[in-house]
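**Q** Required output: the full structure, derived from the provided sequences and hints.
Protein sequence lines correspond, in order, to chains A and B. Note that the first sequence ends on residue 325 in my numbering; no numbers are left out. Note that the second sequence ends on residue 515 in my numbering; no numbers are left out.
Think of the hints as simulated: they come from the structure by calculation, not from any bench.
Each computed DSBU-like pair below joins lysine-lysine, with the alpha-carbon atoms no more than 35 Å apart:
no.: 1; chain 1: B; residue 1: 396; chain 2: A; residue 2: 36
no.: 2; chain 1: B; residue 1: 396; chain 2: A; residue 2: 35
no.: 3; chain 1: B; residue 1: 388; chain 2: A; residue 2: 35
no.: 4; chain 1: B; residue 1: 485; chain 2: B; residue 2: 364
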Amino acid sequence: MQRHLISAADLTRDDAVLILDTAEEMARVADRPIKKLPTLRGRTIVNLFFEDSTRTRISFEAAEKRLSADVINFTAKGSSVSKGESLKDTAQTLEAMGVDAVVIRHGASGAPYRLATSGWIDAAVINAGDGTHQHPTQALLDAFTMRRRLVGRDAGIGQDLSGKRITIVGDVLHSRVARSNVDLLHTLGAEVTLVAPPTLVPVGVETWPCEVSYDLDSTLAKSDAVMMLRVQRERMNAAFFPTEREYSRRYGLDGDRMARMPEHAIVMHPGPMVRGMEITAEVADSDRCTVVEQVANGVSIRMAVLYLLLGGNEPAVSHTRIEEK
Amino acid sequence: MDKQDTSDMGASDARPVLEGPDIARVLTRIAHEIVERAKGADDVVLLGIPTRGVYLAQRLAAKLEEITDRKIPVGSLDITMYRDDLRLHPPRALARTEIPGDGIDGRLVVLVDDVLFSGRTIRAALDALNDIGRPRAVQLAVLVDRGHRELPIRADYVGKNLPTSLRETVKVQLAEEDGRDTVLLGVKQT
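**A** In structure tokens:
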């Protein structure tokens, strides 16, 4: 494992499988009366959120607390950032406080990479979503959910997702979840197909390790998992499709479409869902929809990532740079 | 778990101190001792410490079932997350913790490990138990006690006391993991 987790593309197959296997053990802690492990005692982790988030921030915080780390929450609202402080100054403030890891979400693609490679900070950097670039822990928890459902909880240990066919549907253009999933699922041996209106397919997609289709119905029948993406209105600055109704009719998942999926196939959604847009209430509330499971798995995956990045004697512990000053 | 790094032990100069039949005899004896001390082993739960402690616990449970004619709950307790040397090594892969369905509250928990050495593994196991429940009592069974304790911990059931020097290595091999049953005493290569 490397010291930082910036992109799902940085993970090798063995790293990814190790994270999934570790998460499987972490998941068992959730069944205990005392849901706490002493592993990261005395380590300080800052959750640096420049962009709104509910489940990712809460999930990271729960994971950090279950591993006994000291947690500092930082949101851009109500901090010096709203007074005009730069990322560099914020980073140096955190460094001076002796932080061991930074979990960062930022609206600008590449902000976590900049933080990790700039030399501003010695701490391990974990990307919790940057712009339209990457969201690696989301891809890991999605892969974990797929492995549990499609391969099996115990049967899946040590296994990847080879041969599984995954379809990702919706606003691929603005989706860091789609990018991370394509990278990770490809590494794990799955075959990924992206389905979206032509206007929501990014430029350069032909270099991605996946197929692209504009027709949802033809890919559904041969999918082991279908991942629906939210249409990210907040990132849209142009008209990408005529009406919501038309989008929903062509690319939304309703009961009829779900019935045409293979018996074992699951429906996934990274959240937040917009019911009636990309997914109907009937599908969202069905047994085949794993949205709630994905949230629970998110805590296990983040515990695994934190343990593997911070649990040992990795360079993240040394604060030599501070002492030199 | 409390043993020297196994990779540095050349198979050539390692000499067996316990062979397959000895290990079977030793486990039978420990099983009888557990029944004797627990007055029938009514509330015994066996928890093996991965990797080889788990196989020893399973074998002990089978012997106890033979003696008492009752089902003996057996599980595993991974202590990786409770180790005191976590920050001295890269993160280790986790092993399985499997607590039997009825839990450990009010039961007599017998921890099972292959080699007792510094005692630090057992301290970590006691911490881990603390997060899982409150046993009536905790006892410790080990196949080999090689001495050199660094903590005030002792075993209740010992297969073989093996006086060693710190330069020596003790390696337990079990059929389930290594293809054969033996305890090897070797010299650490520096």
